[in-house]
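Participant: Protein chains in written order, with this note's numbering: chain A, 101 to 422; chain B, 1243 to 1781; chain C, 975 to 1115; chain D, -17 to 189.
By construction, these hints were calculated from the structure, which means they are not laboratory data.
One or more hints might be untrue.
[To be verified] Derived DMTMM-like pairs (lysine to aspartate or glutamate); straight-line CA-CA distance at most 25 angstroms:
{"id": "1", "chain 1": "A", "residue 1": "189", "chain 2": "A", "residue 2": "122"}
{"id": "2", "chain 1": "A", "residue 1": "102", "chain 2": "A", "residue 2": "276"}
{"id": "3", "chain 1": "A", "residue 1": "214", "chain 2": "C", "residue 2": "1066"}
{"id": "4", "chain 1": "A", "residue 1": "323", "chain 2": "C", "residue 2": "1066"}
{"id": "5", "chain 1": "A", "residue 1": "236", "chain 2": "C", "residue 2": "1029"}
{"id": "6", "chain 1": "A", "residue 1": "209", "chain 2": "B", "residue 2": "1477"}
{"id": "7", "chain 1": "C", "residue 1": "1065", "chain 2": "A", "residue 2": "326"}
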Amino acid sequence: MKHWMGFPMFPEQASSVAGRVDALYFFLVAVSGVFAILIFGVITVFIVKYRRRPGKMAVASGHGHMWLELVWSVVPLALTMVMFFWGAKLFFTIYTAPPGAMDVFVVGKQWMWKFQHPEGQREINELHIPVGRPIKLTMISEDVIHDLFVPAFRVKNDVLPGRYTTMWFQATRKGDYRLFCAQYCGTEHSLMTGWVHVMDPPDYQNWLGGGAEAGPMHVIGGKLFDQLGCATCHKNDNTGRGPTLVGLFGSKVTLKSGQVMQADEDYIRDCITKPNARLLPNYEPIMPTFKGIISEEGLLQLIAYIKSLTPPQAAKTGSETK
Amino acid sequence: MTTSEPTMPPVHYLNCDYSIRSWLLTQDHKRIALLFLVSITVFFLLGSTYAGMIRTELLTPNGNVVSHQNYNKLFTMHGLIMIFFFLIPSIPTVLGNFLIPMMIGARDLAFPRLNLASWYVYTLGGIFTITAAVAGGVDTGWTFYTPYSSIYSHTNVTTMAVGVFITGFSSIFTGLNFIVTIHKMRAPGLTWFRLPLFVWAIYATSIIMVLGTPVIAITLAMVGLERVFHIGIFDPALGGDPLLFQHLFWFYSHPAVYIMILPSMGVVSELIACFSRNRIFGYKIVAFSSVAIAVVGFLVWGHHMFVSGQSAYAGLIFSFLSFLVAIPSAIKVFNWTATLYKGSISYDAPMLYALGFIGLFTIGGVTGLFLATLGMDVHVHDTYFVVAHFHYIMVGGAIMGYMGGLHFWWPKITGRLYPEQWARLAALVIFLGFNLTFFPQFILGYLGMPRRYHTYPAEFQVLNVMSSAGASILGVGYMLPLFYLLWSLRRGPIAGPNPWGAKGLEWLTPSPPPTENFEQTPVVTEEAYAYRPEENASG
Amino acid sequence: MDMNEQPPHTRKQSAEPPGHRYEEGDASFGALVKWGAGLAVTVAVVVVAMWTSFDYFAAPTEKFPAPSLMAGARAPYAGPKLQVHAPRDLKEWRTAEEAVLNGWAWVDPDKGIVRIPVGRAIELLAERGLPPKTEVGGTKP
Amino acid sequence: MLRHQFEDASQQRESAVLGMWVFLATEIMFFGGLFAAYTAYRYQYGAGFAAASHHLNMLLGAANTAVLLTSSLTMALAVHAAQVGKKPAHIAGLLVLTMLLGCAFLGIKAVEYHDKFVHHLVPGASFVWEGTLTRQAEMFYYLYFAMTGLHAIHMLAGVGVVLVVAILAARGRYTPQYHNPLEITGLYWHFVDIIWVFLFPLLYLIA
Ligand code: HEA
Ligand code: HEA
Ligand code: CUA
Ligand SMILES: [Cu+2]
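Next comes chain A alone, as it looks inside the complex:
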């Protein structure tokens, strides 16, 4: 945090977009400053020059001049268009995860953050990530709306119950950066904070390898897939009562209603929690709902497993939806 005479003035720039957000910020400050000084200056001059003096009557200043009105409408409009385009372009950069980003799954729960690395690493209120690599966060809440906010990276996104939201960042400087919950979520909203530890890749690997673990997410997902009986109906060779899930993730699915849907994380989550919401042609809706039986972490692990059934090059991450 940059200080000026002991006052904290400016947050660190620790992500790939931070510099560009700050550049936009300085542009906006400059435009506001110019207009503020322009207006305050003109007003001060006028109130001094035309202060009420005996015998000095106000002189007709006319009803107003069309061209002047035009100028001070078009100029602000032009400036706002610049702000709009620059802001919109940056917004899409902030929210479009680059291909091949490292996945991290986030579950927000009243008043703590649970992070899960695909390798199975699980953390509470702490997130260890390697510097220089784009990290894509897939987030969901178990209760109310939360919001994961890392000021040093200049990014945040609400975390909704019942629907996945995603965001990404690429840390550019090592160090520890605060993360906050930025959407009011109840009594201990202000305690739902934590740290992002940005480490050199080797240190990150050591940290990752630091201790025994039940196995990577997709392996746990596989176990869960068997335990819950999914495997009885979903056989990889498509001989079960339900469709094979090999190659499902990322593919286009045509429902019985003819509607074509992209099988992304949300789609699979809905298939598991609300099976009859998406009926498939030539299959009976016999799949039981697992809502309330599998925790959010369990769902994420099942999805990781189903993703792993799709050969790597076929799966493409969903781009920003319209």
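Please build the complex by placing chains B, C and D with the ligands on the supplied structure of chain A, with the hints as guidance.
Facilitator: Just chains B, C and D with the ligands, lined up with the frame of chain A:
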């Protein structure tokens, strides 16, 4: 100033009847305005105490003054009371009720009984709110976001929702009354383009009050239903969508912020014209921009939901339209500045408030542009940057306008002049205290201090202490007018009909005016703000 | 006439015919419709413009470096466990404890210390009685 | 009788009519919130809404529509009768007829509500649904009860107002020169009827 020593008329709307009945069952728009003045001042003091407690708590990083849940109740009650029970009613129900009939040469509003009903409905809503506050308050934030407000919160959300629901009808009744009065009861010769700009501003505000308030009423009713019957129109577990609530809530709540600022803009137009003895520069443009803000204001609500999971496509549209809605405000600021050109400017207290309004509204407004910029809002959403934006434009803007209007028309309302020097001092103290309170919050916001945080990291403490220091100065600043205005009721000099030499039909009546305002309905032959008779254009 | 010098109350009612005691002229409906249509058109234009320019905005600006080959390598993992399924963990823990309680196992083959099921231990103690405390130098509690 | 703040009767009448139109605008926005919620969930849960709508009795719905349309007719005739100076009994009669039709509407509504209650289709704990899309069906019935319930409340208020106006009409209060209350009651009644004309297709005819 009038040459002869000004005298108070023997009989006027205040001393014609002192009985409680005559006040509680009055149909005189002027008395109803005073009833509202008393009620909203009570709520302003209540809201300010909550603000004072918030600032006291935030002096230290760890929460050692109140518990977590109580702090959450502090900012929720502070937000709710200040918005729904102070700022939305303030100018329309006090200055609007008092002045609109007089400014258009009418004896009263179109529906006096509806006007009194508006005050009773407001008070009933207020009683519900006070009960909710006494019974333990509400901790959902003034935004009532579901599913927290509908399922997880165990505080008096339903009572509060009913209170705000009922008070909403006070806004609807007042708005309806103004629209019909302005359309149908103008004095002969008073065409639309000869109306004072305050009347235009109140007309634009009334459109929003009438079209927007019902939406918040039905939304809060749905939240109430969900809490009472546990059925989920907004509950994700039962298939409801929390984003639908946000859309319905902000569909009203953004236009609501324009309900708060437009009347102040109307007051400032009157003050700038009177104290610079000049016709408002570009009268028609300023009049149309009030209506433009009101109408386009209904199309931008999504800029509160850029990072809430709303699609990027919607974000683009709402960001673009938010910039369009800013243009009329910009035009107004430039026209006010141009009105000072070649004027004959005096620095009475109302003028100081008007100039303060222009300055602080500009800062508040341009920071709104920061928030409307998609890329910027991602970082500063739900941080103190937003808190600073809306306090600059609501406290710095709307309240400055309200104070200016109150001082400007005080002689007409009470027949007495307030002490000028004290008023100028108060204006200065408020201006300084205000900036010290809220400017540091811009820096805090960009540093990333989130909103609604009871405890915060230690590195934010210095700026928070500055803000709290400013709040206590601001608190003192607000108390001053309370004292000297009450003092002036007894010992203020007699004002006479037109102490400022201002234009406008309301200055034709004695101060304080008789109950029926005008013996005969005046006929208007000249333009608004015709301070220089020599070019008395037809208009 | 200048408003200021005009004493109040004597403002003479001009010779307006009684019928015209309030302003008839109201906003022209045509103008309102025109303004409404204009606004609707602008909003439509904005909505369409955003739809068409969506892909322009969504196109990724800088080309991200192709993910390095190493990225895919899955290293072993470790770290604090996060309880996923409380009942299952409890069941595993209980079965482990039961096994210890009722099982036969070498504790320390060199010293000949062995673990015996608790039931058997109770029987042995019943037969032999508790060893006197001092003789074995009992361990600290 | 001219109220003191008005200059003449026509100003008072125009103000009353404009006041009612503005009030109807607020009512449109008030119902608008529910219509917005309906549209949002219909778009998301089309199948569920269609399935749930099967259980609504289209016959009763159509009957209600007919009842309301006729009541609008009798109300319009009443207003016209006052304008052309028909006898008070004539005006009052038409108003009573309008009121009866309004009560008939509420009666049919009560029957429908009872039927839903019996079939456990009232959203909440008691909701039972044998199809596959329970949540969506419950959402449909939530909206059904919210929208028709709010409409019924407005209908109830309307019947009350028409009763008062009918009594005053019977006393000969309304003449071709002065019948403001009758006219604005007519506006309100037609509004409540139009709301039902929207509700009927949206709720009953989406099978
Ligand atoms: C009186 C109240 C008021 C007013 C008038 C405004 C006016 C504006 N507001 Fe603000 N706003 C609030 C009260 C208000 N707001 C509140 C209470 C919240 C938070 C609610 C909550 O979350 O609790 C909020 C939040 C808010 C957000 C959401 C932030 C977030 O939560 O992430 C946004 C985003 O676009 C926004 C934008 C704007 C804009 C563009 C204007 C424009 O209308 C401003 C236009 C004015 C100007 C532009 C200044 C004058 C112009 C010049 C001097 C010329 C120079 C100008 C140009 C170059 C164009 N406001
Ligand atoms: C009309 C609107 C209005 C007005 C007039 C005000 C007036 C003030 N508000 Fe505002 N405020 C809101 C509308 C308004 N507010 C809203 C809508 C929110 C968001 C609520 C939410 O998030 O849900 C909010 C939230 C809000 C916060 C953020 C709370 C949080 O996010 O955790 C703060 C923090 O300082 C604050 C401060 C103030 C102050 C100091 C004043 C002052 O102008 C009032 C005058 C101050 C005083 C009278 C102080 C009196 C001083 C004492 C009693 C002595 C105390 C001693 C010390 C301070 C040492 N307000
Ligand atoms: Cu989670 Cu605030
Ligand atoms: Cu807004």
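Participant: Return the numbers of the hints above that this structure violates; sort them in rising order.
Facilitator: The structure breaks none of the hints.
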